[in-house]
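Just need the whole structure built from these sequences, with the hints factored in.
Given next are the chains, with one letter for each unit.
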Amino acid sequence: MIQQLRTATLVLIALTFLTGGVYPLVVTAIAHVAFPTQANGSLIQRGAQIAGSELIGQPFSRPEYFWGRLSATAPFPYNAAASSGSNFGPLHPGLKQAAEARLSALQAAGSSGKTVPVDLLTASASGLDPHISPAAAEFQAPRIAASRKMSENAVRELIRQSTEGRQLGILGEPRVNVLRLNLALDQHQMN
Amino acid sequence: MTTNGLLQLVIFFGVLLACVKPVGFYMARVYSGSTTFLDRIIGPVERLLYRLCGIDKTAEMTWRQYSTAVLAFSLMSFLTVYALQRTQGWLPFNPESLPAVSPDSSFNTAVSFTTNTNWQGYGSEITMSYLTQMLALTVQNFVSAAAGMAVLVTLIRGFTRHTTDAIGNFWVDLLRGTLYILLPLSLVLALALVSQGVVQTFGSYQEVTLLEPTVDAVGAEITTQTIAVGPAASQIAIKQLGTNGGGFFNVNSSHPLENPTPLSNLLQLLAILLIPAALCFTFGEMVGDRRQGWAVLAAMLAIFVPLLTITLMSEQAGNPTLAQLGADQLATDLQPGGNMEGKETRFGIVNSSLWAVATTAASNGSVNSMHDSYTPLGGLVPMWLMQLGEVIFGGVGSGLYGMLMFAIVAVFLSGLMVGRTPEYLGKKIGAFEMKMASLAILFPCAMVLVGTAVAVASTSGSETIFNPGPHGFSEVLYAFSSAGNNNGSAFAGLGANTPFYNCLLGLAMLVGRFWVMLPVLAIAGSLAAKKTVPSGPGTLPTHTPLFVVLLVAVVIVVGALSFFPALALGPIVEHLLTSTAR
Amino acid sequence: MTKASTKLFDSKILGDAIRASFSKLDPRVQLRNPVMFAVYLGSILTTVLWLNSLSEATGESSMFVFGVTIWLWFTVLFANFAEAIAEGHGKAQAASLKKSRTTVIARKIANKADRIANEVPANDLKIGDIAIVKAGETIPADGEVIEGVASVDESAITGESAPVVRESGGDRSSVTGGTRVISDWLIIQVKTLPGQSFLDRMIAMVEGAQRQKTPNEIALAILLAALTLIFLLVVATLLPYSIFGVEVSGQGKAISLTVLVALFVCLAPTTIGALLSAIGIAGMNRLSQANVIALSGRAVEAAGDVDVLLLDKTGTITLGNRQATHFIPAAGTTEKELAEAAHLASMADETAEGRSIAVLAKKQFGLRGRELEHIQPHFVPFSARTRMSGVTLDGHEIRKGAAEAVETHVRSLGGFLPEDVRSAVQVVAKSGGTPLVVSRDDKVLGVIELKDIVKGGIKERFAELRQMGIKTVMITGDNPLTAATIAAEAGVDDFLAEATPEAKLSLIREYQKGGRLVAMTGDGTNDAPALAQADVAVAMNSGTQAAKEAGNMVDLDSNPTKLIEIVNIGKQLLMTRGSLTTFSIANDVAKYFAILPAAFAATYPALKALDLMRLSSPSSAILSAVIFNALIIIALVPLALKGVAYRPVGAAQLLRNNLLVYGVGGLIVPFIGIKAIDLLLSAVGLA
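So the protein sequences, as listed, match chains A, B and C.
My numbering numbers the first residue of the first sequence as 784 and each following residue consecutively.
My numbering numbers the first residue of the second sequence as 16 and each following residue consecutively.
My numbering numbers the first residue of the third sequence as 15 and each following residue consecutively.
For the record, the hints were derived by calculation from the structure and aren't laboratory data.
The beta-carbon is built from N, C-alpha and C at its ideal position, and this holds for glycine as well.
Treat the hints loosely; a few may be bogus.
[Said to hold, decoys possible] Residues from chain A that keep clear of chain B, each with C-beta distances beyond 12 Å, as calculated:
{"id": "1", "residue": "Lys897"}
{"id": "2", "residue": "Ser907"}
{"id": "3", "residue": "Glu940"}
[What the hints assert, rightly or not] Label-pair distances were calculated between CB atoms; the ranges are:
{"id": "4", "chain 1": "C", "residue 1": "Ala498", "chain 2": "B", "residue 2": "Phe52", "range": "47 to 57 Å"}
{"id": "5", "chain 1": "A", "residue 1": "Ile953", "chain 2": "B", "residue 2": "Phe52", "range": "26 to 36 Å"}
{"id": "6", "chain 1": "B", "residue 1": "Pro37", "chain 2": "C", "residue 2": "Ser310", "range": "49 to 59 Å"}
{"id": "7", "chain 1": "B", "residue 1": "Pro549", "chain 2": "C", "residue 2": "Glu516", "range": "19 to 29 Å"}
{"id": "8", "chain 1": "A", "residue 1": "Leu808", "chain 2": "B", "residue 2": "Leu340", "range": "44 to 54 Å"}
Take a look at the structure:
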């Protein structure tokens, strides 16, 4: 047993060095050479400032911005230092309350319809989902156009530009990057 | 389901099954000590390690020595992980100056990672320093997986050898599994993931200015967003390949920096099932009859696919409560629809459901959507897959050896039914094997049932339940199903980072790991000591559809009979209540 | 032993079994069967609950608790009954055996020559003692005949009324204590101690006193115990689950102990648990009904696993001995001449072969035994040295024997073996016959063809065995050529020619080294080593004491094909256990659907959706499940005693059939049964 413990310790040290030290460092080194942007968080530069990460959503509640998914992070939504989902079960009253609150906020901001795309009423898993469905963007387009005094077609064109199709034409779901779209809206109005 | 959804599933299964043979064949060569194409690069490292650690690679062990080695190694691993967490505040690679982890949480996490469970009671990005993530967690991701595979290989040796007490050398199996299988695969996968946007940096968290300021819970204005980053890709690659599942970030593979694109999602999904599926082929190859391996794989798929269908349909049907509010849950070209609470837009229903089923079929436990927010039936499936004993793919090594325990029971029953002392792969199954197989099946079951009972009966157990009604019961049942079977996923609403849950779940994980592993090693020893009986026309073939059906039936019946009452009081009644709410 | 006790439910046995069902309630007896012991404890618990419900309000109808309690006790009693009735059959057989074991006075003598007997009780005989037994007396102990020939009535052990001949030397020298000499006398040497005689062991065996659990039975018991434990946990944890359910749903009441016990008993594998020992005992009984006494239960089970069957050619595969079928004269000799010479040469040959030559000669040419005294024939018996026999008559040496022997003989007289005879010899040998060459003086007259006659129907039996996965090997002293032909004709898979005891032994060892299980039959003393080595060794009762001691089964009918029946019985034994286990477990599904919705009707009324059977009320649902669980035991007793039918088809086919009948059947039957009981209960107003 003592012999075994000795060997165990030696093997653990050796493997710790290899898999805990060498391996991540090698991956990091290669990653920073081959994929520097991705390795550092796919950050979006806006001038000298970092406007955010392409992969991390931001909270929006003004009518002139597209709104993303609900976020259940604490203490504020889209807290990228503490990701979290709502963990509401299908019968949890909080689920219904959150959806109702979002529904009335949408109505107050001027977006309404017979039905609302479900992703606008539900919280994402990470609380940081950067995307909404094209349907959800489409649903908000009239409000954006009205509040920004743009034509709906111009808004739709921007949505189209920020829409990512299925990867390789098959994988995943079509989606709209909310931060990119909102940045594009601001950009569009500045011009 | 849409045509596209179906197509994605076909691609997934197609690629997975195409990889089974080459990867399985390669692993068989690694474990039988044959030469491989990586010998030129890894061979010198391997030999150096043997020399440094004083290992005689030709010295084989009895099953008792092998067990001692496994236990010794796990003990040292546990102590290391515990110590690193408790001292991380004073150690380097801690840019966010995170303090020491509490004793109970450290215990839980140490057990969790050494048992290949990777249950996470803590929120990673606010708890673990980079050093802890690397030296404690990433290392355990490798070695706990390699240990599971080593035990499987000894069981296979038990079948192939005869009249001997030597079943291999644990250190050799552990090192070869790590060096030749896990490391090369992880390296490739990690880089592929970085290309998709998974972060890999030692820099500190990024601070960005919000486009639109927001307010926090108490009304204070928030203008910036801190983006947690870190050396994630290297850990995520092995967390999937080694069926570990412990995320770099709190929300695991639903975090956009941990799983940014549908392609990264597909790669990780494949990585979850790759080794467990390929090991079936390794098994067939090593016992000299590939059909045996395909039969076990077929049995796994025969359970996997129908259960996947249930989750998919249930999730796609959506939540009646939201439908009443006017939510549009219909799948179209413009939206995935369905029950989107706790799911990411880029994954939609198909990729979330597939992941939920795969991660619980394998004892991976990483999530790309929040299982707690699943529809009752959609969430029942992951829970039940764990309760089946993590044998449908299961953990690397542990899944297949668990499945082989069920195969032994199935062989025993069928042997009796054809009037012949049961034999599997030429080995007569006797009282000793039955005793050990029964223990291996009984203990995880007992941990789940009793653990849940203790938790719901006590105040400390029930006060941190998040969801009301039967769903709250499901949260606890899920937690113990996950811990007792070394899965690691959670109905994350349950506040499990309390001394009560940290200790009880830690215990469940220990029992779930070692009280399966030790009986398996005992069986390996007992089988190796037996004579090999040649098969004849009176022998029941174990590679036929008939045997597959029987094996599936045994797994399902044991799982159903043990957990039907508990499931009835959780997801089943919740489903009935939800549908009446409709 | 009487064969009459094959009737399943003899009224005497039934009565005894019912009484025994109650006497077996002794906890020490119950403890032997963990599954039923758990039910037993459950019954005690509900009894206490019922008594309690009488004195104080527990919120549960005491009628309901009483109903559950009564039926739980019935479950225990039915299990006892199943075991008792199986034992009853054994006891009935043992009783008839015991009748023959009355106190016997032995006439002990000092040695063979000494005829002055000293009368002592048979019980005082020691091993090696010598005793004389005269007509009308009972043989005092198991032993070996050392002098004399007598006919012996062995009906006490074989049930066969025709007396058998026992004589010293050879394979008919063993006698069994308790049998009766009918004519003449025997001097025997005692081979076993009193109380350990063959008869004693037989009685113990059929009574079940010595019944040890067999390896598969132990393995199954472990599996059942594990299942029982799982269900115990399932049921025990259901209480806190239910209390929690009541808390969160805010309605109903926690599940009652009575319902928990009822659920546990229904889930535990009581069907197989209750019938397990009955199945084992019944297997032994079936064996004794086939007139085979197994000296260990292990051997019966091993019989089901046999891979290789070693069968003696003579008497098993072929009819008795070889018979003369043709006379093939040499050139220049007529067939009749040859027949005459052959007939003369066989005059004194009392072997079956010799007689068959005479029979053939008589049939073909009407030759009869002549009065030979006047010509003073000199008979030459067969000797191992000359390997010939014959007669010297009127100065002519007539000989018959193997070709080489006769060739040597005629050469010594100046003759030779003609080519046509040599080729006839080869033709006969190649076709599987045995050629005997006949000579007169230096002249070779021709060849007699002796042939083995393969038993009718034996080929089909071997085909059956092959289907069962059993390889048949024929053992013969013949030369390889002859052996191969007969082997092909009989359809055995392999043969061992020119077999010596050593060759047999090493063949068995070789098979065993390859992991195969070997069965063989034997009767002679020279079979004893091979019998001792074989996994399943059936000794003929007519055989020597040594053979019987070496075997682990004795066939009282001395029928070598009995092995096939024994294999069947062994397989049946395992199949019955396996099938009933499957049935028992499959039953649980329906029971869940009956009990769970009922147990949680108040807490979660939504669970009513699981009540697929639409049972009339919660209490009736639970009671129906418990009653079904008890009744199914009784319903399956005949199956347990008779055994599941075995058909020699491939293993996969067998599994498919049994899975369909006992697996799928086990799923469906309880749904129907519980519903029927529920309808009955509500019809009589009990629920």
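TODO: Quick one: which hint numbers does this structure break? Sort them smallest to largest.
DONE: Per hint list: 1, 2 violated.
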